[in-house]
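Asker: Letter by letter, the chains look like this.
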Amino acid sequence: MVDKVRIKKYQQPKVKQWSQALEIPECLFVEDSITFYIRFLEGKHLIEINPITVNPTLVPVMEESQEQLGEDIENLDEFTGGIEL
Amino acid sequence: MEVKDFGAEYLIERIAVRSELKALIEQPPSKDIINRSLEVSIKSKNKKPCLVYGDSNINFYKVYETELQDFINCRLREIIKKLEHYKLTGDKVLVIGGGSKLPLLSAALKKKGFLISDNGAFDNLVGLVVEVA
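Residue numbers (the working numbering), protein chains in the order written: chain A, 500 to 584; chain B, 128 to 260.
Chain A on its own, in the form it takes in the complex (with noise of 0.2 Å):
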């Protein structure tokens, strides 16, 4: 069983330039990027990345699929999207 993790070398700049533009702790990065990675695997990530660089103010997003956001509204009032009670 790992319970440490190691950071190669060569991806401790971009880890420690996106901790620090995100704010979050190194080892939280680190649980998001397996979070992430298996959502990934599974079919279930919500978002897609694009190739991006540090940024401080907030860009337009990209064009996201027909299957990213969800099911169709027919009324607004209604509307529970995917979610179980």
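You may find that some hints are simply not true.
[Stated by the list, open to error] For lysine-lysine, the following DSS-like pairs were computed, each having C-alpha atoms within a straight-line distance of at most 27 Å:
{"#": "1", "chain 1": "B", "residue 1": "Lys175", "chain 2": "B", "residue 2": "Lys239"}
{"#": "2", "chain 1": "B", "residue 1": "Lys219", "chain 2": "B", "residue 2": "Lys237"}
{"#": "3", "chain 1": "B", "residue 1": "Lys214", "chain 2": "B", "residue 2": "Lys228"}
{"#": "4", "chain 1": "B", "residue 1": "Lys174", "chain 2": "A", "residue 2": "Lys543"}
{"#": "5", "chain 1": "B", "residue 1": "Lys239", "chain 2": "B", "residue 2": "Lys174"}
{"#": "6", "chain 1": "A", "residue 1": "Lys543", "chain 2": "B", "residue 2": "Lys170"}
{"#": "7", "chain 1": "B", "residue 1": "Lys208", "chain 2": "B", "residue 2": "Lys228"}
{"#": "8", "chain 1": "B", "residue 1": "Lys228", "chain 2": "B", "residue 2": "Lys238"}
{"#": "9", "chain 1": "A", "residue 1": "Lys543", "chain 2": "B", "residue 2": "Lys172"}
{"#": "10", "chain 1": "B", "residue 1": "Lys175", "chain 2": "B", "residue 2": "Lys158"}
{"#": "11", "chain 1": "B", "residue 1": "Lys175", "chain 2": "A", "residue 2": "Lys543"}
{"#": "12", "chain 1": "A", "residue 1": "Lys543", "chain 2": "B", "residue 2": "Lys219"}
{"#": "13", "chain 1": "A", "residue 1": "Lys513", "chain 2": "A", "residue 2": "Lys543"}
{"#": "14", "chain 1": "B", "residue 1": "Lys158", "chain 2": "A", "residue 2": "Lys515"}
{"#": "15", "chain 1": "B", "residue 1": "Lys209", "chain 2": "B", "residue 2": "Lys239"}
{"#": "16", "chain 1": "B", "residue 1": "Lys208", "chain 2": "B", "residue 2": "Lys239"}
{"#": "17", "chain 1": "B", "residue 1": "Lys239", "chain 2": "B", "residue 2": "Lys170"}
{"#": "18", "chain 1": "A", "residue 1": "Lys513", "chain 2": "B", "residue 2": "Lys158"}
{"#": "19", "chain 1": "A", "residue 1": "Lys503", "chain 2": "A", "residue 2": "Lys513"}
[As the list claims (entries may be wrong)] Just the calculated beta-carbon pair ranges, DEER-fashion:
{"#": "20", "chain 1": "A", "residue 1": "Glu583", "chain 2": "B", "residue 2": "Val257", "range": "32 to 38 Å"}
{"#": "21", "chain 1": "B", "residue 1": "Glu136", "chain 2": "A", "residue 2": "Val529", "range": "24 to 30 Å"}
{"#": "22", "chain 1": "B", "residue 1": "Asn184", "chain 2": "A", "residue 2": "Asp576", "range": "20 to 26 Å"}
{"#": "23", "chain 1": "B", "residue 1": "Asn173", "chain 2": "A", "residue 2": "Pro512", "range": "38 to 44 Å"}
{"#": "24", "chain 1": "B", "residue 1": "Leu215", "chain 2": "A", "residue 2": "Glu583", "range": "18 to 24 Å"}
{"#": "25", "chain 1": "B", "residue 1": "Val256", "chain 2": "A", "residue 2": "Lys513", "range": "50 to 56 Å"}
{"#": "26", "chain 1": "B", "residue 1": "Pro155", "chain 2": "A", "residue 2": "Glu541", "range": "34 to 40 Å"}
{"#": "27", "chain 1": "B", "residue 1": "Lys208", "chain 2": "A", "residue 2": "Pro524", "range": "33 to 39 Å"}
{"#": "28", "chain 1": "B", "residue 1": "Arg145", "chain 2": "A", "residue 2": "Leu575", "range": "24 to 30 Å"}
{"#": "29", "chain 1": "A", "residue 1": "Glu525", "chain 2": "B", "residue 2": "Lys172", "range": "21 to 27 Å"}
{"#": "30", "chain 1": "A", "residue 1": "Pro524", "chain 2": "B", "residue 2": "Leu215", "range": "45 to 51 Å"}
{"#": "31", "chain 1": "B", "residue 1": "Lys208", "chain 2": "A", "residue 2": "Leu540", "range": "18 to 24 Å"}
{"#": "32", "chain 1": "A", "residue 1": "Leu575", "chain 2": "B", "residue 2": "Asp182", "range": "18 to 24 Å"}
Source of the hints: derived by calculation from the structure; they are not laboratory data.
C-beta: ideal position from N, C-alpha, C; glycine also.
Please arrange chain B on chain A, whose structure you already have, making use of the hints.
Answerer: For chain B alone, coordinates are given in the frame of chain A:
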């Protein structure tokens, strides 16, 4: 009376800290902006759900839907079961608080037959004032 911490603040915290939103917006999410975005609620864009992050044109609907489902599974499922029991015995259940206004959840609760307060965001406060007075 039983009190449990299953407020909308927990959900907002999750979206801000643990979700894919930060990867989507490429910076640390702001809880205030998430809150404001949820108050604006989901809009229909070409018949597709659109939940815009603040004043940007970033749609984080899917992130919200995923986190909300997780929130329901972890925090609300148990209490909803209890409330349904009350409903079966003839009680009316009024849902109050900021969480009662959450997009998707509000409609889902209505579908289940719960009553959603028109003044949900302030009912907690009004009730507290009445208790204290």
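Asker: All hints, please: hold or fail.
Answerer: Here is what the structure says about each hint:
This hinted pair checks out: Lys175/B and Lys239/B have alpha carbons roughly 24 Å apart, not beyond 27 Å. Among the hinted pairs, Lys219/B with Lys237/B is consistent with the structure: their alpha-carbon atoms are about 12 Å apart, no more than 27 Å. Restraint check for Lys214/B and Lys228/B: satisfied, since their Cα atoms lie roughly 20 Å apart, inside the 27 Å limit. Of the pairs offered as hints, the one joining Lys174/B and Lys543/A holds, with about 22 Å between alpha carbons and a cut-off of 27 Å not exceeded.
Note on Lys239/B and Lys174/B: the hinted pairing holds, with a Cα-Cα distance of about 24 Å set against a maximum of 27 Å. For the hint linking Lys543/A to Lys170/B, the alpha-carbon distance of about 23 Å falls within 27 Å, and the restraint holds. Distance restraint check for Lys208/B and Lys228/B: the Cα-Cα separation of roughly 20 Å lies within the 27 Å cut-off, and the hinted pair is therefore satisfied. Distance restraint check for Lys228/B and Lys238/B: the Cα-Cα separation of roughly 14 Å lies within the 27 Å cut-off, and the hinted pair is therefore satisfied.
With a C-alpha separation of about 23 Å, the suggested pairing of Lys543/A with Lys172/B holds against the 27 Å cut-off. Our distance criterion of 27 Å between C-alpha atoms is met by Lys175/B and Lys158/B, whose separation comes to about 25 Å. Restraint check: the Cα-Cα separation between Lys175/B and Lys543/A comes to about 19 Å, which is no more than 27 Å; the hinted pair holds. Note on Lys543/A and Lys219/B: the hinted pairing is violated, with a Cα-Cα distance of about 38 Å set against a maximum of 27 Å.
The straight-line distance between the Cα atoms of Lys513/A and Lys543/A is roughly 25 Å, inside the 27 Å bound, and the hint therefore holds. At most 27 Å may separate the alpha-carbon atoms for a hinted pair to count; Lys158/B and Lys515/A meet this at roughly 23 Å. Taken as a hint, the Lys209/B and Lys239/B pair is honoured in the structure, with Cα atoms around 13 Å apart against an allowance of 27 Å. Taking the CA atoms of Lys208/B and Lys239/B, the gap is near 11 Å; set against the 27 Å cutoff, the hint holds.
Between Lys239/B and Lys170/B, the direct Cα distance comes to roughly 22 Å. Compliance with the 27 Å bound is thereby established for this hinted pair. Straight-line distance between C-alpha atoms of Lys513/A and Lys158/B comes to about 26 Å, which keeps the hinted pair within the 27 Å bound. Of the supplied pair hints, the one linking Lys503/A and Lys513/A holds, its CA atoms being roughly 19 Å apart against a limit of 27 Å. Look at Glu583/A against Val257/B: about 35 Å separates their beta carbons, and that is inside 32 to 38 Å.
The hinted window of 24 to 30 Å between Glu136/B and Val529/A holds, with their beta carbons roughly 26 Å apart. Checked against the hint of 20 to 26 Å, the C-beta distance between Asn184/B and Asp576/A comes to roughly 24 Å, which is consistent with it. Range check, Asn173/B to Pro512/A: about 41 Å between beta-carbon atoms, so the 38 to 44 Å window is met. Remark: the range hint 18 to 24 Å for Leu215/B to Glu583/A is upheld by a beta-carbon distance near 19 Å.
Between Val256/B and Lys513/A the Cβ separation comes to about 52 Å, which falls inside the hinted range of 50 to 56 Å. A beta carbon spacing of about 26 Å between Pro155/B and Glu541/A contradicts the range 34 to 40 Å that was offered as a hint. Evaluation of the 33 to 39 Å hint for Lys208/B and Pro524/A yields a pass: the beta carbon distance comes to about 37 Å. The hinted window of 24 to 30 Å between Arg145/B and Leu575/A holds, with their beta carbons roughly 28 Å apart.
One distance hint, 21 to 27 Å for the beta-carbon pair Glu525/A and Lys172/B, is violated here, with the actual separation near 37 Å. Distance hint check for Pro524/A and Leu215/B: the Cβ-Cβ separation is about 47 Å, which falls inside the suggested range of 45 to 51 Å. Here the CB-CB span from Lys208/B to Leu540/A is close to 33 Å, at odds with the stated 18 to 24 Å. With their beta carbons about 21 Å apart, Leu575/A and Asp182/B fall inside the hinted range of 18 to 24 Å.
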